[in-house]
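All chains should be modelled from the sequences, with the hints used to inform the complete structure.
Start counting the sequence shown at 0; every next residue gets the next number (numbering that gives the first Met the number 0).
Quick caveat, the hints were computed from the structure, so don't treat them as lab data.
Please note that a few of the clues may not be correct.
[To be verified] Computed cross-link-like contacts, DSS-like style, restricted to lysine-lysine with a CA-CA straight-line distance of at most 25 angstroms:
#1 Lys313 / Lys379
#2 Lys225 / Lys51
#3 Lys225 / Lys211
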Amino acid sequence: MSTETIFFNRPYMTGKELDYIAQAKFGNMLAGDGPFTRRCHRWLEAQTGCNKALLTHSCTAALEMAALLLDIQPGDEVIMPSYTFVSTANAFVLRGAVPVFVDVRPDTLNLDERLIEAAITPRTKAIVPVHYAGMACEMDVILGVARKHGLAVVEDAAQGVMSTYKGRALGSIGDLGAFSFHETKNVISGEGGALLVNDPALALRAEIIREKGTDRSRFFRGEVDKYTWQEVGSSFLPGEMTAAFLWAQLEEAQAITDRRLAIWDNYHATLAALEQQGALRRPIVPQSCQHNAHMYYVILAPGVDRQAILEELKRHAIYAVFHYVPLHSSPGGLRYGRVHGPMEVTDDYSERLLRLPMWLGLTGDQQEQVVGVLGDALAKA
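Below you can see the structure in the form of C-alpha cells.
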C-alpha cells in the first residue's frame with residue numbers, strides 16, 4: 000500500500016499573490032473597490048462580455064444580490080435543481096421565496112430544461128440554472144422558456160469560470176450570473192465571488208445594493224455631490240487584499256484552465272476501460288459546451304457500495320469524496336421548498352457520484368494510482 004497521500008484538493012497559487020497583497024497594503028487601500036478590485040472588474044467584463052462585473056465576498060453574496068435585484072418577495076417561486084449547493088436556494092429563501100426543485104439531466108446533471116415549463120405557476124419569478132462541474136446547461140432552451148413566460152434567469156456559474164456555451168462565457172448569458180472564487184474552485188481568492196450583470200437596466204441598482212444600499216459608487220465617480228441611502232442593500236464587497244490575491248489568479252486563468260484540462264483529459268482516457276467494463280460512467284461533454292475541468296467525477300454502476308469504495312481509496316491514502324445531498328430531501332428543503340415532478344435522476348445519481356482528486360500539480364503517476372486503486376476496489380464490489 001502506497002504511503003503517499005493524494006489529497007482531494009490542494010489550492011493553487013501562481014506565485015504573485017503575496018506580492019500583490021503587499022502592494023495593496025503599502026498602497027494604503029485595504030477596503031473594497033481599490034485598484035486591484037477595478038482590475039478584476041475590467042478583466043471579468045472583457046473575458047465574459049457582461050455589462051458589469053462586481054466582486055463580492057462570496058458567490059453566496061452574489062446570489063443574494065441577484066435576489067434583491069429581482070425584487071423577490073415572500074411567496075414568489077424560483078425554479079432550480081435540487082442537486083446543487085445550499086446557497087442556490089438560500090439566497091432566495093432569505094427573501095421569502097419558495098425554491099421549486101426540478102430534476103436534472105442524466106448526462107450532465109444539470110437542470111433538465113425539458114421539465115421547467117411544467118413547473119411554472121403564476122408565482123414563478125425566476126429560473127436558476129446551475130452549471131454543474133463547469134458544464135453548461137442548455138441555455139438556449141432555458142432562455143426561450145424564460146422569455147415566453149416573462150421570467151428572469153440567474154446563472155449559478157459558481158463552478159463555471161472560463162467555461163462556455165456555444166462560445167459564450169457562462170454567467171454572461173442570463174440576466175445575471177454568479178461566480179465563485181472559493182479555494183475549491185479553479186481560480187481562487189480563498190473566499191470570494193462576483194456578480195455578472197448582463198441586463199444593463201440592473202447595473203446601477205446592482206452597485207447600490209452592493210454598497211449597503213447607497214449611491215457611493217456614483218459619488219466616487221463624481222456623478223453626485225454626496226452619497227445617501229437609496230434602497231435596501233448590504234455590505235457585499237470583498238477587501239482589497241482579497242482582490243489582490245484574485246488578480247494574481249485571473250492573470251493566469253487561461254494557463255490554469257489549460258493545465259486542468261490536461262489532467263481531466265488524462266483521467267478521461269485512463270478510465271475508459273472501466274467504463275467499457277460497465278463499472279462506472281465517465282462525464283459526458285455535450286458538443287455545445289467547452290468546460291473548464293473544474294472536477295472529475297464518475298457515476299458508479301448500480302448496486303456498488305460507494306462508501307466501501309471511498310473507504311478503500313482512503314485506505315490507500317487517496318481522498319475522494321461524494322457531492323451534494325439533494326436539497327429537496329434535506330431538512331431545509333423539506334421546510335422551505337417544494338418538488339415538482341419525480342426526482343429520479345437526482346435521487347439515483349446523488350447516491351452513485353464519486354469525485355476524484357483534482358488539482359494543479361496532480362501528476363500522471365498519481366492519477367494512475369487513483370485509477371488503479373479505484374479499479375481494484377470496483378472489481379471486488
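Structure-based check of all given hints:
1. Proximity of Lys313 to Lys379 is assessed by CA-CA distance (about 16 angstroms); at most 25 angstroms being required, the pair is judged to hold.
2. For a cut-off of 25 angstroms, the pair hint linking Lys225 to Lys51 stands: about 23 angstroms separates their Cα positions.
3. Only pairs whose Cα atoms come within 25 angstroms are accepted, and Lys225 paired with Lys211 is accepted, the gap being roughly 15 angstroms.
Comparing the model with each earlier hint shows no violations; every hint is respected.
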